[in-house]
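Going down the list, the sequences are from chains D and P.
Throughout the first sequence, residue numbering follows my numbering, covering 1 to 284 in sequence.
Throughout the second sequence, residue numbering follows my numbering, covering 1 to 689 in sequence.
Do not take every clue at face value.
[Unchecked claim] Pairs of lysine to aspartate or glutamate residues, derived as DMTMM-like cross-links and limited to a Cα-Cα distance of at most 20 Å, are as follows:
| no. | chain 1 | residue 1 | chain 2 | residue 2 |
| --- | --- | --- | --- | --- |
| 1 | D | 184 | P | 625 |
| 2 | D | 255 | D | 272 |
| 3 | D | 159 | P | 365 |
| 4 | D | 241 | P | 415 |
Because the hints were derived from the structure by calculation, they are not lab data.
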Amino acid sequence: MNIIKFYTLTLFIAVLFTACSDNTDDPIVIDENPLAEFNLLSSFNVNGHTLEVYSDQNQYTTGYNELFFRIKDNETDSYVSNATLSMNPVMHMEMMSHSCPKSTILKTNEDSVYKGFSIFQMPGNATEYWELNLEYGIDGQTYNLAERIEVKAPADGKKRVNVFTGLDEARYVLAMMPMTPDVKVNDFSAMLFKMENMMTFPVVEGYSIEIDPRMPGMGNHSSPNNEHLVFDTSNAMYKGKLSLTMTGYWKINLKVKNTAGEVLKGEDVTEENEASSLFFEMEF
Amino acid sequence: MKFHKGCLPEQVTKGHQNKKVSVIWSALVLMVFTFTNVYGQTENPFATDSILTVQLDEVILIKSRMPEDYQKQAKPLASIDDYLEKSHKVNMMKRGAYAWEPMINSMTSERLTVTIDGMRIFSACTDKMDPITSYVDVSNLHYAKVTSGQEGAELGSTIGGGIDLQLDKSGFENRGWRTSFESGFEANNMQRILGSEINYSNESSYIDADVIYRKAENYTAGGGEEVAFSQFEKYNLSANGGIQLDEEESIEASFIYDEARNVGYPALPMDVSLARGIIGSAEYKNQGFMGLDDFKSKLYFNTITHMMDDSQRPDVPIRMDMPGWSDTYGFINQAQLEAGKHSVQLKWDGFYNRSLAEMTMYPNDPNQIPMFMLTWPDVRTLNTGIYLEDEFELKEGQLNLGARIAYQGFRVADEFGLNSLRIFYPDLEASQTRFLKSISARYYRKLGDFEVSSGVSFGERAPSVSEGFGFYLFNSFDNHDYIGDPNLKNEQSYEINGKLSWESNKVNVSLNGNYFHMPNFIIGEITQGLSTMTIGAAGVKTYTNLEYATQYNATLESKWNVSSNLICNAVVGYHRGFDNDGRNLPFISPLAYSASLEYAKKSFTAAFRLSGAADQVNFNPEFGEDRTAAYTVFSVNMGKTFKLGNQNFMYTKIGVENLFDTWYSTFTDWANIPRMGRNIYATLTYNIN
Ligand SMILES: [Cu+2]
Ligand SMILES: [Cu+2]
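Here chain D stands alone, though its shape is the one from the complex:
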């Protein structure tokens, strides 16, 4: 038996100690269709064009929807890169019709891809439905389409949009921005719109949104070091930090305050009051 063998082994163990971390970078996927990774939600064949609507979700969902558009000229079988688009989704209800908060549609870095968002307040049903109105112009000529789309509640049934009447009697739409929650301090943002009339939903600026994440399944405990959402003019969103201490079902209780600091909607969570009337939900 040789002592050297023992040292070799010791050295071997020592090498093991300097445990290595693995860094595998995802390979970059190059694809023909720039939207190949997204889901095609609609394909409308109108005016000699095919209008394609893509999303990273697999349905039009209540809440925030980022939508990508492509226009194919059926004749040349090529995608149009110099179009201008605007949209106006309208929900036809039994007693009335209304629109929803939506953005303008802009061209992306990808030549033939256009992007915008729309925030559906509620899902459609058998008798009440959403209609997507699109106006687009190609080479000075304007086209229109009005097609029925199916807006569904999110598959997990979690609330990501609130429609409420504030203390000021105004109607608001508050939507959570999509995120992948994790056990950490998450970036968290939301958009707030005022319902000026049935068709107009301007962004509300300068308010604040207070968050109080809770786990109703576990004694309604909270988490530390959250940051309330404040308005960021650069992208018209309310941004803050949401810390989640474990996986599971979280209810993000909300309070909306106006520029004067008055609470327009939402209540504190206390021993007696389990939740605010204004909240988002997530489960992961």
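Based on these hints, arrange chain P with the ligands on the given structure of chain D.
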């Protein structure tokens, strides 16, 4: 501290080796302290033989090959916890009938270094349900060496002291085959104990194998109240072997498999469905390697699996599983040098540990998915250190110097866990490094019938995994969730200790005391404004460095050899601990005492023992403590050895603990759970030599 003549382990004394001593000394100088000493050329080469035994540490004999020693044990098949509790230096914190947590100087696991054959092992339970001592059993232990304060630095960086559990090995002795069967029964909790071992040894090889099995139902407290969830079941297998390669070289290996199932923890809201420890090592020994005496090089590993859940509890606010894992790999290289008046010990050791624990909570609402978190975020600890000790004779008396310097690195390996901790510490780095230092000096002298020894030392420890990285660890005693702090400073300890003893023909009296001043003492402090995680918890505490804490302990022991057959022992101890604001530290022993009468004649033994404590006057309600009432309990036992045939023996022992079925609870009983009431036990051992 080492053993000298008259103590247990083998020690080889060698002649003049001054050259090596110089090497050691240069190393010592390189380290923290400098010291000059002159050793003469004319010393008797066997001077070490004349060195008086400085018995500072305490050795608790667990298993002996000598029939006489066997009979001296009050309860031969008791748990290792029982053995340790009998020690004057050790208290055991109880959360149930199984797996008690050792305390030395009223300090628990994070301030102690507990090893098995020198090997570092770390518990896998975030709730301290599985102290290291729970992964061995009396069947595979020879003795436990208990050291106080920096005397424990030999084993690793420590504040309060250390316990080294030495495995029972046959060694290279020509003793042939030996077999024994053991059985025991305890009436109070219907504990059944069965064990067997088989050993073979000759001058060039040995092999040992043993097995022990225990199963117990709930125990009954004094007065007849059943303590629910105090059952347990465990078995332990172990094997050792060795081969002598030549005159100087040998290799040895040892392996332990320990498994406990269905262990109840009445003081806690959770139980353990499985606790498993696998411990293995290989060792190379050389009596004359590069001129060093007793060179040893050991490699070891151990892996602990701990499955904690509340599935047996009838109503809980929420069901949860809390498994934990701890794996350790390590090495020890050590050598002994006897030269002139010096006895030098050199050690280079290191370990790498991985601690991971998780918590899954199942909501009562079946539509919600389970909640998950990492309570120990896969913390990797790398520690390597050098230990040096020199014990040598002065003109009058004897001096012992020791020092350890260690590097310790932590790394949070799990991204999920790192992000979790960053909720509290946004700038937390995944890795950190620390240096841990220890230095001690102790002087010993004999003055007529008196022996005096006194020492000073300094030591440091890094935060434990829970203290540094724990994430919402619920403490059921003070009803708080605990959060670790990775930025904690190392805890330090300045210690003064002293011992004065007087020995005459028949009487031996000694007074032993120590004083700890501990800067950066780590303790959980209430943090306002944090939401509790555990349902029903009163608040959240964060581990914090106090400015300092102070502790002192004093023990008066006496032994009276009434006659050659009768020995009378008495011990009384006083302990006190408080922080820089004068607040009492938790879990500090009140005035405690014990006394025993031991009778032995030929093959018959009998003993009577009493132990008790005064009211716990100094307690801290912030940690869930209250004024634990005074108590005194009594026990008796009797034993007889029968010689069967030539070489075979049968030992029997019966005894009663808590003779008067007193209901009592002590300062070490978690959440004030009562201790066992009257317990009648019997053991039978059959040895075939
Ligand atoms: Cu929770
Ligand atoms: Cu546990």
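Hint check results:
1. D/184 x P/625: Status violated; Cα separation ~35 Å.
2. D/255 x D/272: 17 Å, holds
3. D/159 x P/365: Holds - the C-alpha atoms of residue 365 of chain P and residue 159 of chain D are around 18 Å apart, at most 20 Å.
4. D/241 x P/415: Holds - the C-alpha atoms of residue 415 of chain P and residue 241 of chain D are around 19 Å apart, at most 20 Å.
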